[in-house]
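Peer 1: These protein sequences, in sequence, are chains H and X.
For the first sequence, the working numbering gives the first residue as 98, with consecutive numbering after it.
For the second sequence, the working numbering gives the first residue as 98, with consecutive numbering after it.
Please note: incorrect hints may appear among the correct ones.
Repeated chains share a single entry, so a pair holds when one copy, or any two copies, can fit it.
What the hints assert, rightly or not - Derived SDA-like pairs: lysine to any residue, alpha-carbon spacing no greater than 25 Å straight-line:
{"#": "1", "residue 1": "Lys168", "residue 2": "Asn140"}
{"#": "2", "residue 1": "Lys158", "residue 2": "Arg209"}
{"#": "3", "residue 1": "Lys168", "residue 2": "Asp199"}
{"#": "4", "residue 1": "Lys168", "residue 2": "Asp269"}
{"#": "5", "residue 1": "Lys168", "residue 2": "Asn295"}
{"#": "6", "residue 1": "Lys168", "residue 2": "Arg205"}
{"#": "7", "residue 1": "Lys168", "residue 2": "Val128"}
{"#": "8", "residue 1": "Lys168", "residue 2": "Pro197"}
{"#": "9", "residue 1": "Lys168", "residue 2": "Ala317"}
{"#": "10", "residue 1": "Lys158", "residue 2": "Asp196"}
{"#": "11", "residue 1": "Lys158", "residue 2": "Glu131"}
Simulated from the structure, these hints should not be mistaken for laboratory data.
It should be emphasised that the depicted structure is a prediction, and the values quoted were computed from it without experimental measurement.
2 protein chains.
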Amino acid sequence: MARTGNATSRRPTGTSGQPRKRAGRLQSAGVIREAATALFLRNGYLGTSMDEIAALAGVSKQTVYTHFADKERLFTELVLGNTRPVDEFIPVLTHLLQDPDDLEENLRELARRYLGSVIQPPVLQLRRLVIGEAGRFPELARTYYERVPERVVATLATSLQHLAERGLLRLDDSLLAARHFAALVLWIPLDRAMFVANGEPPAAAELERLAGAGVRVFLAAYGQA
Amino acid sequence: MARTGNATSRRPTGTSGQPRKRAGRLQSAGVIREAATALFLRNGYLGTSMDEIAALAGVSKQTVYTHFADKERLFTELVLGNTRPVDEFIPVLTHLLQDPDDLEENLRELARRYLGSVIQPPVLQLRRLVIGEAGRFPELARTYYERVPERVVATLATSLQHLAERGLLRLDDSLLAARHFAALVLWIPLDRAMFVANGEPPAAAELERLAGAGVRVFLAAYGQA
């Protein structure tokens with residue numbers, strides 16, 4: 098693995114080999130995280146044991162427990178640490194609605210990018226996992242909801258509010274408008290993907306069609322006449 | 098339990114006690130189904146054992162296996178047998194859109210009833226369960242999707258098509274319009290409910306507001322100007 102190569106080629110800079118040891122520890126934490134993510138996404142929380150995580154990571158069970166106190170804490174950390182798609186999408190969203198020359202075209206591009214950030218297998222698997230475990234881990238599921246989908250919606254609401262203030266949209270309640278946008282753009286393929294786990298991902302042309310149709314309905318209600 | 102009382106008070110009508118025996122068998126199948134449903138909804142598929150189901154039903158494990166070959170078949174039967182909310186909702190839907198005096202008011206009533214049929218704890222728990230197990234049981238989750246949410250959407254599409262033919266709506270693609278209606282009405286509270294398993298259910302006034310707002314957006318796009 099590339100990560101192993103990089104870490105071992107790094108020169109120890111301390112006097113007692115400490116940095117090398119720390120690099121090794123970081124490395125095994127990363128490998129454990131990767132193994133645990135793969136297993137939790139495939140087999141669920143109850144279907145995954147610390148033994149299997151250790152085996153897939155190629156470390157001892159003791160090493161797993163050195164890094165993560167128990168399975169629940171490892172699971173929590175993985176679910177809440179998995180925010181990259183949303184971290185990457187938020188600046189795109191803000192940028193597209195900042196100062197649009199063609200609002201309709203930028204909303205369509207936003208819809209495409211929104212779909213692209215959500216309709217990808219690891220995101221869908223994580224979503225299914227968190228929903229399926231919401232009864233067992235209600236605080237975790239709620240926190241995930243607030244930090245991931247709701248963070249996008251809140252940012253979108255702020256952008257829509259600015260557009261309304263500049264006379265480009267008509268709305269009273271920007272949070273409601275943001276949620277309607279999310280509903281119109283995401284619901285159709287996302288609801289299907291929640292249940293159809295072994296289906297073909299939707300074709301690009303289908304996502305394009307849904308993005309366009311969702312924006313058309315949104316602008317019929319919220320656009321300037 | 099009421100069911101036990103009713104069944105044992107029923108008079109055997111055959112000559113050899115067969116009906117009484119059959120009533121007893123139907124009775125234990127019902128009790129097992131109820132116990133299994135409660136446990137699967139609370140603890141998930143892997144978190145539920147046939148031993149626990151037998152114990153909660155107050156029957157022997159052997160009796161459970163007499164009725165249901167294995168845990169997977171029991172689970173499948175329970176998930177696919179749980180279609181009452183949709184069976185009850187479909188005639189309401191058809192009736193409300195049959196010949197509306199006031200289309201907007203009837204769409205609002207439909208939106209309220211749609212929300213009412215979906216936003217109730219056992220339906221939400223089952224939905225979380227099926228989504229969470231979609232990776233393990235892809236065919237089951239897909240079949241549930243087709244028989245439950247998609248059946249409503251297909252019926253709604255037919256009703257919307259009739260309204261369009263009578264000049265009451267403007268649409269090219271009735272299935273897309275039906276999905277937009279579902280998205281606008283259901284997404285906001287349903288998406289939240291998938292993640293927030295221990296929250297207060299939304300207040301009636303909030304559902305009323307969401308139903309009205311969803312219909313307003315739908316009609317801005319699909320209503321006659």
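Peer 1: Each of the hints needs a verdict: does it hold here or not?
Peer 2: Right, here's what the structure says about each hint:
In this assembly of identical chains, the alpha carbons of Lys168 and Asn140 lie at most 25 Å apart whether taken from the same copy (14 Å) or from different copies (17 Å). In this assembly of identical chains, the alpha carbons of Lys158 and Arg209 never lie at most 25 Å apart, being 43 Å within a copy and 52 Å across copies at closest. Proximity of Lys168 and Asp199 under a CA criterion of 25 Å is satisfied in neither setting, with 49 Å inside one chain copy and 56 Å between copies. When the C-alpha separation of Lys168 and Asp269 is checked against a cutoff of 25 Å, the pair qualifies neither within a copy, at 46 Å, nor between copies, at 52 Å.
For the homomeric pair Lys168 and Asn295, the shortest alpha-carbon distance between copies (22 Å) is at most 25 Å, but the shortest distance inside one copy (27 Å) is not. Taking the closest pair of Cα atoms, Lys168 and Arg205 never come within 25 Å of each other, the shortest separation being 42 Å inside a single copy and 46 Å across copies. For the homomeric pair Lys168 and Val128, the shortest alpha-carbon distance inside one copy (15 Å) is at most 25 Å, but the shortest distance between copies (35 Å) is not. Taking the shortest alpha-carbon separations for Lys168 and Pro197, neither the intra-copy value of 47 Å nor the inter-copy value of 56 Å comes in at or below 25 Å.
In this assembly of identical chains, Lys168 and Ala317 lie within 25 Å of each other by CA distance neither inside one copy nor across copies; the values are 49 Å within and 50 Å between. When the C-alpha separation of Lys158 and Asp196 is checked against a cutoff of 25 Å, the pair qualifies neither within a copy, at 53 Å, nor between copies, at 67 Å. In this assembly of identical chains, the alpha carbons of Lys158 and Glu131 lie at most 25 Å apart only when taken from the same copy (15 Å versus 40 Å across copies).
Of the numbered hints listed earlier, those contradicted by the structure are 2, 3, 4, 6, 8, 9, 10.
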